[in-house]
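Visitor: Sequence:
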Amino acid sequence: GSSSLNEIAIPSSVTEIDTSAFCGCTSLGKIVVEEGHPKYDSREGCNAIIETATNKLIRGCKNTIIPSSVTEIGNYAFNDCSSLTEIVIPSGVTEIGENAFFGCSSLKEITIPSSVTEIGNYAFTGCSSLTEMVIPSSVTEIGNYAFNNCSSLAEIIIPSSVTKICCCAFNNCSSLAEIVIPSSVTKIGSCAFSGCRSLGKIVVEEGNPI
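Counting from 24, one number per residue, gives the positions in the sequence shown under our numbering.
If you are wondering where the hints come from, they were derived from the structure by calculation, not from laboratory data. Check each hint, because a few of them may be wrong.
Each computed EDC-like pair below joins lysine to aspartate or glutamate, with the alpha-carbon atoms no more than 16 Å apart [stated by the list, open to error]:
(1) K85 with E118
(2) K224 with E164
(3) K85 with E39
(4) K79 with E118
(5) K131 with E164
(6) K62 with E30
Pairwise CB distance ranges, derived in the manner of DEER restraints [said to hold, decoys possible]:
(7) T140 with K53: 45 to 55 Å
(8) T117 with S50: 23 to 33 Å
(9) V55 with I233: 17 to 27 Å
(10) S26 with P182: 48 to 58 Å
Yeah, the Cβ is synthetic: ideal placement off N, Cα and C, and Gly gets one too.
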């Protein structure tokens, strides 16, 4: 919650950075990990903290460029980065963690690559400037509250790979006008589309077992 913090430098003496350590640092624009750090790095001048052994991005900021070597966007990685307007997720990423982009209220554009198989709980909650989202055909589950309060989201395409839409996944997506449920979906959680007051067309694909 240090909303005036602009820059952070992680020295090699730091041995552990807990999840959500820099949540709410809304002005953070520069992150540098000291070269030669035994556990973390900021490879390619990415303006982020990456766990070297796992290639997991554990903290980003409004100026982060995600390197192609990153395979996971960690829990709370961009939580409350309210100045972030767009981000490119490279094709090597397979997982977007819980609360990864929670509260990124200025985020207008994001592309999820076909390598991603899981969208975690609350991953895009409060991304109120997102207008459309294409979920790749590699994703099998849309987590709890994944797109909760994405109030500008007018279009969402759910691919035929998805088998489960979890609780409150699209809760309060008040601009969502149409939704197509593919035949692959076998479970829809409670309140999945609650508060979608603009929703005027719902199509369940023929052959859906439920």
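Visitor: Now tell me, hint by hint, if it's right for this structure.
Guide: To see whether the hints hold, each was checked on the structure:
{"no.": "1", "hint": "K85 with E118", "in the structure": "20 Å, violated"}
{"no.": "2", "hint": "K224 with E164", "in the structure": "22 Å, violated"}
{"no.": "3", "hint": "K85 with E39", "in the structure": "23 Å, violated"}
{"no.": "4", "hint": "K79 with E118", "in the structure": "10 Å, holds"}
{"no.": "5", "hint": "K131 with E164", "in the structure": "23 Å, violated"}
{"no.": "6", "hint": "K62 with E30", "in the structure": "20 Å, violated"}
{"no.": "7", "hint": "T140 with K53: 45 to 55 Å", "in the structure": "32 Å, violated"}
{"no.": "8", "hint": "T117 with S50: 23 to 33 Å", "in the structure": "31 Å, holds"}
{"no.": "9", "hint": "V55 with I233: 17 to 27 Å", "in the structure": "50 Å, violated"}
{"no.": "10", "hint": "S26 with P182: 48 to 58 Å", "in the structure": "37 Å, violated"}
Checked against the numbered hints above, the structure violates hints 1, 2, 3, 5, 6, 7, 9, 10; every other hint is satisfied.
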